[in-house]
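Chemist: Read off the chains here:
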Amino acid sequence: MSDARKQRAVDAVIVGFGWTGTILAKALTDAGLRVVALERGPARATSPDFEYPRIADELRYGVRGDLWQPLARETVTVRHTVNDAAVPYRKYGSFVLGNGVGGAGVHWNGQLWRASPEDLKFRSHIEERYGKAFIPKDMTIQDYPVSFEELEPHFDHFEKVCGVSGTAGNLRGQLQPGGNPFEGPRSDEFPTPPLPPIEAARRFEKAATELGYKSFPQPSAMPGAAYTNPYGVRLGPCNLCGFCERFGCFLYSKASPQTTILPLLVGRSNFELRTGSYVTKILQDKGGQRATGVLYNDESGQECEQPAELVILSAFQLHNVRLLLLSGIGTPYDPATGAGLVGKNYAYQMCSLTAAYFGEEVQINPFIGAGAAGMRVIDEFNSDHHDHSNLGFIGGSLIYAGATGGRPIEQMMLPPDVPHWGAAWKAGIRKHYRHSAPVSTQGAVMSYRDAYLSLDPTYTDAYGLPLLRMTFDWHENEYRMAAYSVAKVQEIVRQMKPEKQATLLARPGDHYDTRFYQSTHMTGGAIIGSHPRNSVINRYSQSWDLPNLFIYGASAFPQNIGYNPTGLLAGLAYFSAQELKSSYLKSPGPLVSA
Amino acid sequence: MDRRRFILAGGPAFALTSLAASGCHQRTLPKEASYSPSFFRPVEWAFINAAVARLIPAEGAGPGALEARVPEFIDRQMELPYGHGAYFYLKGPFLTNIAPTLGYQLRYTPREIYRLGIEDANTTARQLYGRDFPSLAASDQDQFLGAMEKGGLSFSRVPSAVFFAQLLANTKEGYFADPLYGGNRNMVAWRWIGFPGARADFTDWIDRPGRPYPYGPVSIGGRS
Numbered sequence: 001m002s003d004a005r006k007q008r009a010v011d012a013v014i015v016g017f018g019w020t021g022t023i024l025a026k027a028l029t030d031a032g033l034r035v036v037a038l039e040r041g042p043a044r045a046t047s048p049d050f051e052y053p054r055i056a057d058e059l060r061y062g063v064r065g066d067l068w069q070p071l072a073r074e075t076v077t078v079r080h081t082v083n084d085a086a087v088p089y090r091k092y093g094s095f096v097l098g099n100g101v102g103g104a105g106v107h108w109n110g111q112l113w114r115a116s117p118e119d120l121k122f123r124s125h126i127e128e129r130y131g132k133a134f135i136p137k138d139m140t141i142q143d144y145p146v147s148f149e150e151l152e153p154h155f156d157h158f159e160k161v162c163g164v165s166g167t168a169g170n171l172r173g174q175l176q177p178g179g180n181p182f183e184g185p186r187s188d189e190f191p192t193p194p195l196p197p198i199e200a201a202r203r204f205e206k207a208a209t210e211l212g213y214k215s216f217p218q219p220s221a222m223p224g225a226a227y228t229n230p231y232g233v234r235l236g237p238c239n240l241c242g243f244c245e246r247f248g249c250f251l252y253s254k255a256s257p258q259t260t261i262l263p264l265l266v267g268r269s270n271f272e273l274r275t276g277s278y279v280t281k282i283l284q285d286k287g288g289q290r291a292t293g294v295l296y297n298d299e300s301g302q303e304c305e306q307p308a309e310l311v312i313l314s315a316f317q318l319h320n321v322r323l324l325l326l327s328g329i330g331t332p333y334d335p336a337t338g339a340g341l342v343g344k345n346y347a348y349q350m351c352s353l354t355a356a357y358f359g360e361e362v363q364i365n366p367f368i369g370a371g372a373a374g375m376r377v378i379d380e381f382n383s384d385h386h387d388h389s390n391l392g393f394i395g396g397s398l399i400y401a402g403a404t405g406g407r408p409i410e411q412m413m414l415p416p417d418v419p420h421w422g423a424a425w426k427a428g429i430r431k432h433y434r435h436s437a438p439v440s441t442q443g444a445v446m447s448y449r450d451a452y453l454s455l456d457p458t459y460t461d462a463y464g465l466p467l468l469r470m471t472f473d474w475h476e477n478e479y480r481m482a483a484y485s486v487a488k489v490q491e492i493v494r495q496m497k498p499e500k501q502a503t504l505l506a507r508p509g510d511h512y513d514t515r516f517y518q519s520t521h522m523t524g525g526a527i528i529g530s531h532p533r534n535s536v537i538n539r540y541s542q543s544w545d546l547p548n549l550f551i552y553g554a555s556a557f558p559q560n561i562g563y564n565p566t567g568l569l570a571g572l573a574y575f576s577a578q579e580l581k582s583s584y585l586k587s588p589g590p591l592v593s594a
Numbered sequence: 001m002d003r004r005r006f007i008l009a010g011g012p013a014f015a016l017t018s019l020a021a022s023g024c025h026q027r028t029l030p031k032e033a034s035y036s037p038s039f040f041r042p043v044e045w046a047f048i049n050a051a052v053a054r055l056i057p058a059e060g061a062g063p064g065a066l067e068a069r070v071p072e073f074i075d076r077q078m079e080l081p082y083g084h085g086a087y088f089y090l091k092g093p094f095l096t097n098i099a100p101t102l103g104y105q106l107r108y109t110p111r112e113i114y115r116l117g118i119e120d121a122n123t124t125a126r127q128l129y130g131r132d133f134p135s136l137a138a139s140d141q142d143q144f145l146g147a148m149e150k151g152g153l154s155f156s157r158v159p160s161a162v163f164f165a166q167l168l169a170n171t172k173e174g175y176f177a178d179p180l181y182g183g184n185r186n187m188v189a190w191r192w193i194g195f196p197g198a199r200a201d202f203t204d205w206i207d208r209p210g211r212p213y214p215y216g217p218v219s220i221g222g223r224s
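Those sequence lines, one after another, are chains Z and S.
According to my numbering, the first sequence is numbered sequentially starting from 1.
According to my numbering, the second sequence is numbered sequentially starting from 1.
Keep in mind the hints are simulated off the structure, nothing from the lab.
Treat the hints with care, since some could be wrong.
Claimed, not checked - One-sided and incomplete, this derived list gives chain S residues near chain Z with beta-carbon spacing under 10 Å: (1) W45; (2) P57; (3) L66; (4) E79; (5) I98; (6) L116; (7) R126; (8) G130; (9) D142; (10) A147; (11) G151; (12) G152; (13) S154; (14) L168; (15) A177; (16) G222.
Glycine included, every Cβ here is placed at the ideal spot set by N, Cα and C.
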């Protein structure tokens with residue numbers, strides 16, 4: 001560290017420049033602070049980085065993953081149990097990590113959800129409704145120390161920042177036709193109207209309605225009409241281009257930090273963004289009482305120290321946890337004793353895909369549809385929206401229909417009787433490509449005593465620092481939860497009257513398989529809670545250990561939800577930013593007394 | 001666009017209308033020079049051409065891998081960072097007997113997988129049939145590839161199933177990727193399945209779900 005170049009001290013340093021980093025950069029520069037943001041990936045802007053037609057390149061972005069974190073430099077190791085050897089995640093499969101300005105907010109699908117009210121008090125809700133014994137002993141779920149009502153204004157604000165399209169289901173307590181009847185009361189309508197359903201979603205909606213379910217438009221962070229957000233930044237309507245998830249949006253339509261907030265920050269004299277800056281450590285004072293800044297390697301490889309009064313940790317969930325562990329902040333979680341908190345409660349999602357195979361007279365046009373746009377959803381079997389008394393599990397799944405694109409290398413859905421190669425494969429792709437509709441589930445994985453994150457003892461990154469190690473496998477609760485949701489999906493798909501259907505789903509006994517894409521909605525490891533005994537951060541996302549360190553992102557989630565995480569993590573960030581401005585900046589110190 | 005090739009390839013008839021709709025004029029492509037591989041040596045090139053011709057054969061309707069120029073695609077990929085393993089974490093130690101669900105755990109780059117895999121495949125073919133893989137009858141080649149896929153052939157370095165998976169993945173990439181990478185020649189694979197390629201604008205179709213999409217593909221390079 002003695003060789004580190006010392007940079008001029010600033011009021012706040014931001015580590016990681018995706019959604020939450022951008023949200024905090026705006027809030028803190030609004031308050032007049034001098035802010036430096038460090039992003040380890042490259043600068044990225046709609047033009048020229050996402051320009052048409054170069055962006056419409058499935059091989060480059062969808063398969064090779066040019067927007068993702070280069071695994072050659074840093075990855076994670078994975079093992080199923082504490083008794084196994086962990087090995088590196090050497091190639092992309094199960095999840096894809098963002099990189100560069102905008103982070104995963106560039107290549108997401110724009111499925112923007114709020115949490116259900118009960119998701120935020122999940123343990124007490126389940127105990128109240130089903131009794132304490134209903135929660136398995138090894139399940140370590142807990143409540144958020146903040147309520148839906150407290151977060152609602154911030155959910156609402158973020159939806160307006162993104163120009164989210166959708167139909168309200170519960171407006172100030174009044175159920176609304178065409179929306180999600182299970183959502184918590186919202187203070188306002190969605191800022192833009194929903195996009196019409198794409199063909200797969202239209203057929204799903206019809207079948208689901210016939211079976212008595214309430215189908216509604218997927219809330220989508222791509223406006224349904226031309227839109228100007230509260231910051232004066234303009235977004236265009238989505239054209240269903242088919243190159244959304246895994247791609248940057250060439251149309252200024254999909255909400256990303258670039259298309260919603262960043263234009264405001266550019267040119268602010270109290271803001272500086274340094275790309276290619278790889279943070280390796282959060283620095284503390286001698287007594288371990290406060291953070292003093294961060295250590296990072298700049299673009300040229302020079303080690304630098306950035307002193308700051310306030311440290312904002314807003315990297316991806318996995319990286320937040322790794323940086324805490326590398327920095328020796330807090331106590332690492334130990335699954336043997338249950339002691340320690342950093343790395344605790346890693347969770348994931350269990351997803352399934354059911355394909356409806358129609359005859360060649362039915363035109364699904366799978367290439368028309370981009371990310372969340374034009375999808376339809378039912379929410380009956382998510383969260384605790386239905387009675388679990390006799391089901392033997394807790395939690396649930398979203399059920400949604402619609403293609404996020406129909407890109408042929410990644411998204412060709414073939415029935416199991418079509419071989420993987422040869423003349424019959426060639427005939428099969430022709431027969432099924434344009435005539436198959438996907439219906440998916442995305443289910444919550446609970447947190448468990450044996451699922452956690454720690455530093456790997458063997459493998460290192462490009463700088464020789466330990467990789468993060470993930471210890472994770474499925475549990476009985478999730479096999480049951482997913483099987484239950486999938487049975488409902490299969491019933492709906494039958495009602496869609498395809499020639500046949502087939503399902504991809506983890507079955508009891510299957511281990512977590514890192515080879516195939518499932519979800520990038522990884523949660524926990526630096527969880528939010530009511531007391532330093534049960535959490536790493538308090539309700540304002542402030543570290544219990546170092547009061548001038550704030551940690552944002554899905555690392556805060558005590559357990560996962562069936563929804564996509566961006567709405568909830570943005571809500572928590574805005575809730576925190578408000579408290580920072582109204583209270584912390586006037587009188588820095590712990591915002592919650594332990 | 002080469003209309004004769006397109007009709008023989010059996011592409012969707014609606015694509016013809018796209019010429020008028022997009023204002024493109026029919027043109028004759030210059031006669032192409034045959035491709036000289038950069039990475040693959042002659043024996044390896046023969047293997048690649050023979051193997052992809054079985055993975056996506058010419059027989060039946062629709063373009064085969066050779067017509068789509070898949071071998072050229074794979075060769076060009078080998079010279080890119082991808083071929084050199086730049087996209088993978090390749091630091092050791094490399095543990096064996098790891099659950100397959102934890103993914104690829106070998107030290108080899110794609111270039112090495114091909115080099116070692118082809119050598120072992122030809123050695124094994126000579127042991128079983130007395131000839132290199134490219135000289136086998138098509139039915140024997142299919143059987144051989146099927147055995148590789150199941151990991152049923154004992155290769156000395158790269159397991160046969162790993163080599164097969166690499167080959168099949170790159171073959172499908174070369175079949176479906178934008179023509180700028182050297183495969184999917186004349187967008188034959190896109191025409192075959194009815195994927196409109198890099199059009200990326202369905203504004204006119206948002207309120208017409210379920211109607212047949214009338215336009216043929218365009219590539220990033222602007223070909224239609």
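Chemist: So, for every hint listed, does it hold in this structure?
Modeler: Hint-by-hint comparison with the structure:
1. At about 20 Å, the closest approach between the beta carbon of W45 (chain S) and any beta carbon in chain Z exceeds 10 Å, and the interface hint on this residue is violated.
2. The interface hint given for P57 (chain S) holds, since its Cβ lies 5 Å from the closest Cβ of chain Z, which is under the 10 Å cut-off.
3. For L66 (chain S), the interface hint is violated, the least distance from its beta-carbon to any beta-carbon of chain Z being 13 Å, above 10 Å.
4. Because the closest C-beta pair between E79 (chain S) and chain Z is about 14 Å apart, greater than 10 Å, the hint is violated.
5. The closest approach between the C-beta of I98 (chain S) and any C-beta of chain Z is roughly 5 Å, which is under the 10 Å cut-off, so the hint is satisfied.
6. Nearest Cβ of chain Z to the Cβ of L116 (chain S): about 18 Å, over the 10 Å cut. The hint is violated.
7. With 10 Å as the threshold, the beta carbon of R126 (chain S) stays out of range of chain Z, its nearest partner Cβ sitting at about 23 Å, so the hint is violated.
8. Violation of the interface hint for G130 (chain S) is found here, the shortest Cβ-Cβ separation to chain Z being roughly 25 Å, above the 10 Å cut-off.
9. Nearest Cβ of chain Z to the Cβ of D142 (chain S): about 7 Å, under the 10 Å cut. The hint holds.
10. Interface hint at A147 (chain S): violated, since its Cβ lies 13 Å from the closest Cβ of chain Z, which is beyond the 10 Å cut-off.
11. For G151 (chain S), the interface hint is violated, the least distance from its beta-carbon to any beta-carbon of chain Z being 14 Å, above 10 Å.
12. Interface hint status for G152 (chain S): violated, as the beta-carbon distance to the closest one in chain Z is roughly 15 Å, over 10 Å.
13. Interface restraint check: S154 (chain S) against chain Z, minimum CB-CB distance 22 Å, threshold 10 Å, status violated.
14. At about 6 Å, the closest approach between the beta carbon of L168 (chain S) and any beta carbon in chain Z falls short of 10 Å, and the interface hint on this residue holds.
15. Nearest Cβ of chain Z to the Cβ of A177 (chain S): about 4 Å, under the 10 Å cut. The hint holds.
16. Proximity of G222 (chain S) to chain Z holds as hinted, the smallest CB-CB distance being about 7 Å (cut-off 10 Å).
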